[in-house]
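Chemist: Based on these hints, arrange chains Y, U and R on the given structure of chain X.
Chains as they are written, first to last, in the numbering used here: chain X, 28 to 156; chain Y, 28 to 156; chain U, 28 to 156; chain R, 28 to 156.
A few of these clues could be false.
The list treats identical chains as one, so a pair stands whether inside a single copy or across any two.
Below, computed lysine to any residue pairings styled on SDA-like, alpha-carbon distance capped at 25 Å [as the list claims (entries may be wrong)]:
1. 84 - 106
2. 84 - 43
3. 84 - 96
4. 84 - 37
5. 84 - 146
6. 84 - 44
7. 84 - 129
8. 84 - 148
9. 84 - 155
10. 84 - 131
11. 84 - 95
12. 84 - 123
13. 84 - 98
14. 84 - 48
15. 84 - 147
Don't read these hints as lab results, they were simulated from the structure.
4 protein chains.
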Amino acid sequence: MPEVWSAPVRFVECDQQGVAFNAHYLTWADEAVNAWWAAAGLPFGSLAAWGLEYYVKATALDWVSSARYGETVAVDVEPAALGRTSLTLVFTVRVADRVCCTIRTTYVATADGRPSPWPDEVRALISAG
Amino acid sequence: MPEVWSAPVRFVECDQQGVAFNAHYLTWADEAVNAWWAAAGLPFGSLAAWGLEYYVKATALDWVSSARYGETVAVDVEPAALGRTSLTLVFTVRVADRVCCTIRTTYVATADGRPSPWPDEVRALISAG
Amino acid sequence: MPEVWSAPVRFVECDQQGVAFNAHYLTWADEAVNAWWAAAGLPFGSLAAWGLEYYVKATALDWVSSARYGETVAVDVEPAALGRTSLTLVFTVRVADRVCCTIRTTYVATADGRPSPWPDEVRALISAG
Amino acid sequence: MPEVWSAPVRFVECDQQGVAFNAHYLTWADEAVNAWWAAAGLPFGSLAAWGLEYYVKATALDWVSSARYGETVAVDVEPAALGRTSLTLVFTVRVADRVCCTIRTTYVATADGRPSPWPDEVRALISAG
Chain X
28 MPEVWSAPVR
38 FVECDQQGVA
48 FNAHYLTWAD
58 EAVNAWWAAA
68 GLPFGSLAAW
78 GLEYYVKATA
88 LDWVSSARYG
98 ETVAVDVEPA
108 ALGRTSLTLV
118 FTVRVADRVC
128 CTIRTTYVAT
138 ADGRPSPWPD
148 EVRALISAG
Chain Y
28 MPEVWSAPVR
38 FVECDQQGVA
48 FNAHYLTWAD
58 EAVNAWWAAA
68 GLPFGSLAAW
78 GLEYYVKATA
88 LDWVSSARYG
98 ETVAVDVEPA
108 ALGRTSLTLV
118 FTVRVADRVC
128 CTIRTTYVAT
138 ADGRPSPWPD
148 EVRALISAG
Chain U
28 MPEVWSAPVR
38 FVECDQQGVA
48 FNAHYLTWAD
58 EAVNAWWAAA
68 GLPFGSLAAW
78 GLEYYVKATA
88 LDWVSSARYG
98 ETVAVDVEPA
108 ALGRTSLTLV
118 FTVRVADRVC
128 CTIRTTYVAT
138 ADGRPSPWPD
148 EVRALISAG
Chain R
28 MPEVWSAPVR
38 FVECDQQGVA
48 FNAHYLTWAD
58 EAVNAWWAAA
68 GLPFGSLAAW
78 GLEYYVKATA
88 LDWVSSARYG
98 ETVAVDVEPA
108 ALGRTSLTLV
118 FTVRVADRVC
128 CTIRTTYVAT
138 ADGRPSPWPD
148 EVRALISAG
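Next up, chain X with everything else stripped away, as it sits in the complex (with noise of 0.2 Å):
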């Protein structure tokens, strides 16, 4: 999956040391993801139409380098785990060729608050995407 978001590091975004909060890695993998369900065709609020939402469950974010203001952070997402309700994404942050961080974070499709199998036209779509 080729790079689905990026943006410039704002300067509200960064330390007293001029490096990004940690905070904010967060902030751009949810903008990514939001990219990437539209790219796989089910664009924001798309899944109302199954009667689904889905929440994140569990995210870990490993840091190996810090983004810094001047700097245009990059994110890459590749699904890494399909459940029957569950969804794992990995996204990778990156300035230019220099990781940043890489996230990981498992999504639960819900139906009126419960978890919900994903539909098979959902599960083909996010297959392919």
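Modeler: Quick look at chains Y, U and R alone, frame taken from chain X:
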């Protein structure tokens, strides 16, 4: 370790369902860790006396419920592991007695940009913290 | 009107000089206005009983000093003008006795997306607020 | 002056109605002003060569429409007044041809914390900007 940080969920922190965005849990943990260091006798900036800084190496978040607008989140901090150059803390984000999220974060001490052992005096304060 | 909202300045709210970013003053005022409405007897969402919402038409901020990391900001709210469909509030953001910023904001009541008069009951609560 | 900054509205920037929070307009203007200085030949940090910094003295925002999730905001910058120690810029935040917000901000140049005249070389770059 008792609760070290607490705040009402802000309107600006909530999404279209009134639920706090995931990224803000890292912001809350970041505020809590600064309070935890201060309570341990090492207020913000004091590690500079040993020529030390620290950075976040990895963090993992597991959600069991959501914090919503109108609720107040409280954060507890517990040391989980103290290595030669690393420190792992576990944060519990709650709304009253209901747990929302557990966060496990590993920090690394650095001097001149390279991992550096915690000095004995700092180890003693962390262990008592 | 006494202070309606207060919070320690967050690390994530501060720039490379340890000074709070200007945009966060609007966030603080937004929290304060929700507290002010609640204190006036109109908690968040209660205007829906009259089919009303409100939006911000204009806001002007004047800074006289900076809030910094380690300090606690407090916000006072004073009604300055109550029009047929509008309401102007003045917020004072302070650190202890030192004023940091004065914010003057005009809100407009709307029903179905168009300006709509404040109902008498709401006017009475605002005037007493 | 052409558009100096543009970005899709982020999901995390939107409230429960899908409308961008007011405070983020100041964040966008802050990104735009850094781009404007750079385009004028004075990239971030370059005023330090004259021993100068600048701070925001006052800013006034007037909204005529809302930016929403799924839309892209663009910001234009026009110098409106250049005083001995001050500079007033007018920002227009648009979604395509629709104006959302006009922001008028006055900056003050400082040296050692006190207002200080813009050097001739800086005045020339600002005037041409």
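Chemist: Decide, hint by hint, whether the structure agrees.
Modeler: Status of each hint after checking the structure:
no. : hint     : in the structure
1   : 84 - 106 : both (16 Å within a copy, 23 Å between copies)
2   : 84 - 43  : between (32 Å within a copy, 18 Å between copies)
3   : 84 - 96  : between (30 Å within a copy, 20 Å between copies)
4   : 84 - 37  : between (28 Å within a copy, 21 Å between copies)
5   : 84 - 146 : within (19 Å within a copy, 37 Å between copies)
6   : 84 - 44  : between (32 Å within a copy, 17 Å between copies)
7   : 84 - 129 : both (17 Å within a copy, 11 Å between copies)
8   : 84 - 148 : within (23 Å within a copy, 39 Å between copies)
9   : 84 - 155 : within (23 Å within a copy, 33 Å between copies)
10  : 84 - 131 : both (11 Å within a copy, 15 Å between copies)
11  : 84 - 95  : between (29 Å within a copy, 16 Å between copies)
12  : 84 - 123 : between (30 Å within a copy, 21 Å between copies)
13  : 84 - 98  : between (30 Å within a copy, 20 Å between copies)
14  : 84 - 48  : both (22 Å within a copy, 13 Å between copies)
15  : 84 - 147 : within (22 Å within a copy, 38 Å between copies)
Going through the hint list in order, the structure satisfies each hint without exception.
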